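Protein sequences, first through last, are from chains A, B, C and D.
For what it's worth, the numbering used here labels the leading residue of the first sequence as 1259, then goes sequentially.
For what it's worth, the numbering used here labels the leading residue of the second sequence as 1259, then goes sequentially.
For what it's worth, the numbering used here labels the leading residue of the third sequence as 125, then goes sequentially.
For what it's worth, the numbering used here labels the leading residue of the fourth sequence as 125, then goes sequentially.
It is possible that part of the hints are untrue.
[Said to hold, decoys possible] The calculated DSSO-like cross-link candidates involving lysine-lysine, where the alpha carbons are at most 27 Å apart (straight line), are:
| id | chain 1 | residue 1 | chain 2 | residue 2 |
| --- | --- | --- | --- | --- |
| 1 | C | K178 | A | K1368 |
| 2 | C | K242 | A | K1278 |
| 3 | A | K1375 | D | K190 |
| 4 | B | K1375 | D | K300 |
| 5 | D | K147 | B | K1286 |
| 6 | D | K171 | D | K242 |
| 7 | A | K1378 | C | K300 |
| 8 | A | K1378 | D | K293 |
| 9 | D | K190 | B | K1378 |
| 10 | D | K246 | B | K1378 |
| 11 | D | K246 | D | K190 |
| 12 | B | K1278 | D | K293 |
| 13 | A | K1378 | B | K1375 |
| 14 | A | K1278 | C | K302 |
| 15 | D | K302 | B | K1286 |
| 16 | A | K1368 | C | K293 |
| 17 | C | K300 | A | K1286 |
| 18 | B | K1368 | D | K302 |
[What the hints assert, rightly or not] Residues from chain A that keep clear of chain C, each with C-beta distances beyond 12 Å, as calculated:
| id | residue |
| --- | --- |
| 19 | R1282 |
| 20 | E1297 |
| 21 | E1298 |
| 22 | K1314 |
| 23 | N1345 |
| 24 | E1350 |
| 25 | V1362 |
None of these hints come from the bench; they were simulated from the model.
Only a predicted model underlies this, so the values are computations on that prediction, with no experimental measurement involved.
All C-beta atoms in this analysis are idealised placements derived from N, C-alpha and C, irrespective of residue type, glycine included.
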Amino acid sequence: MTYVGLVLISHSSKIAEGVKELIRQVVKDVPIETAGGTEENGIGTSIDKIQAAISKVDQGRGVLLFYDLGSAKMNAEMAIEMSGLENVRLIEAPIVEGAYVAAVEAGMGKELDEVEKRVKASF
Amino acid sequence: MTYVGLVLISHSSKIAEGVKELIRQVVKDVPIETAGGTEENGIGTSIDKIQAAISKVDQGRGVLLFYDLGSAKMNAEMAIEMSGLENVRLIEAPIVEGAYVAAVEAGMGKELDEVEKRVKASF
Amino acid sequence: MEINATLAVQWIEKTNEKIQENKEYLTSLDRPIGDGDHGLNMSRGFKEAVEKVKAGNYPTPADVFKDVAMTLVSKVGGASGPLFGTAFLKMSVATAGQQVLNESAFVKGLEAALDGIKQRGKATTGEKTMVDVWEPVVEWLQDNGFEPEGLLAEAEGAMNATKNLTATKGRAAYFKEKSVGHIDAGAASSYYVFAALAEVLGGK
Amino acid sequence: MEINATLAVQWIEKTNEKIQENKEYLTSLDRPIGDGDHGLNMSRGFKEAVEKVKAGNYPTPADVFKDVAMTLVSKVGGASGPLFGTAFLKMSVATAGQQVLNESAFVKGLEAALDGIKQRGKATTGEKTMVDVWEPVVEWLQDNGFEPEGLLAEAEGAMNATKNLTATKGRAAYFKEKSVGHIDAGAASSYYVFAALAEVLGGK
Ligand SMILES: Nc1ncnc2c1ncn2[C@@H]1O[C@H](COP(=O)(O)OP(=O)(O)O)[C@@H](O)[C@H]1O
Ligand SMILES: Nc1ncnc2c1ncn2[C@@H]1O[C@H](COP(=O)(O)OP(=O)(O)O)[C@@H](O)[C@H]1O
Ligand SMILES: [Mg+2]
Ligand SMILES: [Mg+2]
Ligand SMILES: [Mg+2]
Ligand SMILES: [Mg+2]
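Just need the whole structure built from these sequences, with the hints factored in.
What follows is the structure in structure tokens.
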């Protein structure tokens, strides 16, 4: 079975890892990758990490990207453009609470549009 | 100088620590304590950690508590009741994005009501 | 029927036995529609609670309930911690000062516990939570008084009835309609609390 | 005035020199109303960009700009990475295929860079960002052509003018009215980009 994939982009690798561990308690099968911190694992984001994460979680059913603060958003948008993939979307939702909802919805086999809609509806 | 204090309650100690490090890059003086994970540092929350965090960050100008998921909320509410302190408030706001806003506002010397209002207005 | 501190301790011990025996089962209920830690949470909490109350020397049941409450609150780590913690705390407050609780005093304690759970979790019946066991059981006791077998049957029926409900509170609420078909984990552990009570009252 | 690949590489080298010299200063601008990493971000990015382009053998300025863009995007780690990265990428696309850029072709490249920054950051002038240097400088070049001293003065004035603005984009926006009184960090690094250009064009 395939799922919508999730990418967790945070300035802090701890936040991204923590969100993943929170979700993994509940949702085992949905592909989730973190893109936390800069290349040197400092505070910041890395477009290369984001791109790598996108390609790892893409199972053909689309990818949702969550981010924490504004500058991560710009890197995420660039990564999406550079990926050239369809159905890779950045979502405006709280990274912890939003990704949790998305993971549960994706785990129920929902389509990208539906997952996105459910996340939006939760806030 | 004293500030409104912040407590970051998360099921994952990584999330709480990560939010703190994200904020500390920007805001140095506001008292911030994490209450992440269970007593054994598993996924969950600990009312004792929350209570300890509240008393550490309380400088007399009030304390705002951020939490991630529902069950943390119940523990937080109990901790507040048991603290017997005035001006210790749980806020309904995304833990990462909300705490960042609160820290910046608190760092500018704002009062609890004002900090709370600004956070609410951001979402 | 009368409950003194010794019987109160026995109730907690019996509850703990059932929870330890069914730890895996409770966790398995929490896995498909939750985070799969309910058995662990409850077993950790009640194990500590039993150690605490066995070591104590309590003048009243209220003192037992208070230590149970504080231990659960500290040790459980999940939603069930503040919920069962609040239940025992309210029971303690409602029965404070009485060495022996008669039926009516004890049922008042359970009513207070139910109110505490509902306040803490902001849940009402039908939301697929432990409230769906506590409320019918407390009402049944109000109507019927202490009759062990009837109590057990009521608690079991209430627990099983959570299977058909859609969760609207707690972790299971994230699963919405998919939560149907599973017994609620907290309803099951609440069933063990009342099953233990029935046994203790029935003299087993 | 004409720009070939060699001159383009010199522009990047000169920009890097200025950024390395002013790394601490740039960080100090980012500290009171940001996260205090702008100097670090820019110095890391431009150091790598220079290493990259010095090692290369480029037929056109566009090829230089493309490698600069990709390096900044990968290495900077903050908002300025995608912003300067997009600027150089758009400049590369707008000047693609031309071995030598005359004044008009190069200014077209800078216009594309400015548009790229504005699209990427969704910012316009007056929001206390690097746009407040890029836009007036590009307009000045459109009106006046390449005149090193005028260019330098325009860039410096624009940078200083960000001091009185209230930030409504980027990290500084969290500080709202408190952001007044500080030069924007990205405006300062953009000033170095144009100061380096003025020097390279002025033959220094
Ligand atoms: N708001 C609530 N009101 C009443 N009971 C709740 C509420 N939230 C959760 N519960 C109960 O708690 C149980 C879950 O407990 P547990 O697994 O220990 O906590 P967590 O959900 O934090 O992992 C649920 O099965 C349900 O019976
Ligand atoms: N949305 C935006 N549009 C244009 N420029 C921006 C935007 N956000 C930030 N900037 C620029 O980026 C600079 C900050 O860069 P830097 O400190 O490297 O990134 P970060 O804010 O991620 O730490 C700001 O001083 C500002 O000039
Ligand atoms: Mg659970
Ligand atoms: Mg749990
Ligand atoms: Mg910065
Ligand atoms: Mg930064």
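Confirm or reject: A:N1345 is not an interface residue toward chain C, with every Cβ-Cβ distance exceeding 12 Å. Label holds. Min Cβ-Cβ 23 Å, cutoff 12 Å.
Would you assess whether A:E1298, listed as outside the interface, keeps its beta-carbon beyond 12 Å of every beta-carbon in chain C? holds, 34 Å
With 12 Å as the threshold, tell me whether A:K1314 passes as away from chain C on beta-carbon distances. holds, 24 Å
Below or equal to 27 Å on CA atoms is what counts here, so check D:K171 against D:K242. Holds, at about 25 Å.
Take the C-alpha atoms of C:K178 and A:K1368, compute the straight-line distance between them, and say whether it is at most 27 Å. It is violated: about 50 Å lies between the C-alpha atoms, which goes past 27 Å.
Given the hint that A:K1378 pairs with D:K293, test it: the Cα-Cα distance must not exceed 27 Å. The hint holds at about 23 Å.
Beyond 12 Å from chain C, beta-carbon-wise, is A:E1350? holds, 20 Å
Need the status of pair B:K1375, D:K300: alpha-carbon distance at most 27 Å? The hint holds at about 15 Å.
Does B:K1378 sit within 27 Å of D:K246, going by the straight-line distance between their CA atoms? holds, 24 Å
Checking one constraint from the list: CA of A:K1368 to CA of C:K293, max 27 Å. Satisfied? It holds: about 21 Å lies between the C-alpha atoms, which stays within 27 Å.
Measure nothing beyond the straight line between the CA atoms of C:K242 and A:K1278; if it is 27 Å or shorter, mark the hint as holding. violated, 31 Å
Would you mind confirming whether the straight-line C-alpha gap from A:K1378 to C:K300 stays at or under 27 Å? holds, 16 Å
Hints 1, 2, 3, 9, 19 and 25 from the earlier list are contradicted by this structure; the remaining hints agree with it.
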